[in-house]
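Engineer: Letter by letter, the chains look like this.
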Amino acid sequence: MKDFFKQLKNGFISNNPVLIQLLGMCSALAITTNLKDSFGMGVAVTAVLICSNLFISLLRSIIPDKVRIAAYIVVISGFVTAVQLLIKAFLPALDKSLGIFIPLIVVNCIIFARAEAFASKNTVVKSVVDGISMGLGYTFAICLVGIVREFFGSGSILGYKLGSFGGAAMITTSAGGFLALGCILAAVRAIASRLGKKKGGDDK
Amino acid sequence: MKRKDAIIPEVKENVAASAEAAESVQNSAFSENEPVKKAKRINLDEKSKAEITDIVRTALVLLLVTGITVILLAFVNFLTKGPIEQRKKAELDKTVGEMFPGMSYKEINNFEFDAPVKTVYAIVGENDEINGFCVITVPQGFGGDVEMLVGLDTELTVVKVKITEDAETASKSKPVKDKLSQYESKKGPFVFGENGVDAVSSSTVTSKAVLSGVNSATDAAEKYLGFLRQGKEAV
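Protein chains in written order, with the numbering used here: chain B, 1 to 204; chain D, 1001 to 1235.
Everything labelled a hint here was simulated from the structure, so no lab data went into it.
Just so you know, not all the hints are guaranteed correct.
[Said to hold, decoys possible] Taking lysine-lysine and the BS3-like style, the derived pairs with C-alpha atoms no more than 30 Å apart in a straight line are:
| hint | chain 1 | residue 1 | chain 2 | residue 2 |
| --- | --- | --- | --- | --- |
| 1 | D | 1049 | B | 36 |
| 2 | B | 36 | D | 1094 |
| 3 | D | 1162 | D | 1174 |
| 4 | D | 1088 | D | 1172 |
| 5 | B | 88 | D | 1049 |
| 6 | D | 1177 | D | 1094 |
| 7 | B | 96 | D | 1162 |
| 8 | D | 1094 | D | 1162 |
| 9 | D | 1177 | D | 1049 |
| 10 | D | 1160 | B | 88 |
| 11 | D | 1089 | B | 88 |
| 12 | D | 1118 | D | 1049 |
| 13 | B | 66 | D | 1049 |
| 14 | B | 161 | D | 1177 |
| 15 | D | 1089 | B | 96 |
[Stated by the list, open to error] Covered by chain D, according to a simulated footprint, are these stretches of chain B (three or more residues, beta-carbon under 8 Å):
| hint | stretch |
| --- | --- |
| 16 | 6–13 |
| 17 | 53–64 |
| 18 | 79–91 |
None of these values were measured; they are calculated from a predicted model.
Each residue gets a CB set at the ideal place from its N, CA and C atoms; glycine is no exception.
Work the whole structure out from these sequences, hints included.
Structural biologist: Below, the structure is given as structure tokens:
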């Protein structure tokens, strides 16, 4: 159980795929214009992560080293297509707002990186937990960006207007996304280094 | 003279020698075939066989992985096919309801429409008379197909234009989508700069796609009305 929480903390904070590993940045910029889309995307990526980690870990002894990349891509794109079909059928609003970024989950570096670095070398249970933790970390990171961009861009959270904030429409453009993400990364690094100094450099 | 005499026998010798050599090579190629082949087969057994087995095994594993993925995907597709079609129909119902309240629609099956028109629905009233058309047309935009819904009445005046699916750059398609009402209550065929219809600057390709879509819709409806007037049965 302790390992489970350690892995969770790893994916969420110390080794966050977006904020620390700097993976999956395209989606972190493209669909984070509001919180709802960010959360939907986070859930989709987490689902694909868990399933692909599970399968690749199951097949890790069968897939020869030479064709592992081809095999991973087949598995990942299979799950992404399945998730896309399910979203189209049961969550059409999300399908309309995420649009082409759902099939682009296939090339989201996070999924491939975890498959290569973790799932292919660890047991099924550990890989599933890794998928959960990385997925939650990713969701947390992009929701953070989403909140900032929605609040300053449209003055709302989840579509509910909050007073007369917002109006910085630039932050909802791609350029604004870069700026927002950059500032968030800087803030996270500053906080992390300060916490690190306090603890005496305890965690990775 | 002396040289010639000396050369000719030499040449003759060389010719003879080379002929002999050629013959011996030919002979060896045929008669010594078995030993040569046997030698090659031994090589194949040792090293190449292992390689070939490796390649075949790799290919089979890839086939297995892909096969399992395809089966799972086919299952999910089967599960979601119904709901997806239901949603599409519900959306169409809603759009037709907006354009032609209180009427139902029927797909026109007895007439072939030119591309990019995909389907034409006849809007029918209570007595099955045609009150208008809803044309689904798919012109080519910048990033691919632009799926449009064009509502027309029996005079071929545009009731409404809607874009249902597109792959255009969002910043380009948004001003075009906002300006779709410029076609309403007007009769085609449309040309930019006339009758209050204009392209959106810096969204030329998307604007042109929408224009061609609307024109193809009015064209299709006109052709169908002509077909009906020839006395054939209506839908």
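Engineer: Please go over all the hints and tell whether each is borne out by the structure.
Structural biologist: How the hints compare with the structure:
Pair hint residue 1049 of chain D plus residue 36 of chain B does not hold up; C-alpha atoms about 57 Å apart against a cutoff of 30 Å. For the proposed pair residue 36 of chain B and residue 1094 of chain D, the alpha carbon gap of about 25 Å is at most 30 Å, so the pair holds. Taking the CA atoms of residue 1162 of chain D and residue 1174 of chain D, the gap is about 12 Å. The hint holds against a cut of 30 Å. Under the criterion of a C-alpha separation no larger than 30 Å, the hint pairing residue 1088 of chain D with residue 1172 of chain D is consistent with the structure, at around 25 Å.
As the CA atoms of residue 88 of chain B and residue 1049 of chain D are separated by approximately 49 Å, the hinted pair breaks the 30 Å bound. At roughly 18 Å between alpha-carbon atoms, residue 1177 of chain D and residue 1094 of chain D fall within 30 Å of each other, so this suggested pair holds. For the hint linking residue 96 of chain B to residue 1162 of chain D, the alpha-carbon distance of about 15 Å falls within 30 Å, and the restraint holds. For the hint linking residue 1094 of chain D to residue 1162 of chain D, the alpha-carbon distance of about 12 Å falls within 30 Å, and the restraint holds.
Taken as a hint, the residue 1177 of chain D and residue 1049 of chain D pair is broken in the structure, with Cα atoms around 63 Å apart against an allowance of 30 Å. With a C-alpha separation of about 26 Å, the suggested pairing of residue 1160 of chain D with residue 88 of chain B holds against the 30 Å cut-off. Distance check on the hinted pair: residue 1089 of chain D and residue 88 of chain B sit about 13 Å apart at the alpha-carbon level, within 30 Å; holds. Among the hinted pairs, residue 1118 of chain D with residue 1049 of chain D is inconsistent with the structure: their alpha-carbon atoms are about 55 Å apart, more than 30 Å.
For a cut-off of 30 Å, the pair hint linking residue 66 of chain B to residue 1049 of chain D stands: about 18 Å separates their Cα positions. A threshold of 30 Å between alpha carbons decides the hint, and for residue 161 of chain B with residue 1177 of chain D the separation of about 25 Å falls inside it, so the pair holds. The hinted pair formed by residue 1089 of chain D and residue 96 of chain B meets the criterion: a straight-line CA distance of about 16 Å does not exceed 30 Å. Here's how the stretch 6–13 of chain B fares: 0 of its residues keep a CB closer than 8 Å to some CB of chain D, so the rule of at least three is not met and the hint is violated.
Under a criterion of three residues with beta carbons nearer than 8 Å to beta carbons of chain D, the stated coverage of the stretch 53–64 of chain B is upheld, 4 such residues being counted. Coverage of the stretch 79–91 of chain B by chain D holds. Counting CB-CB distances below 8 Å, 7 residues qualify, and the rule asks for three or more.
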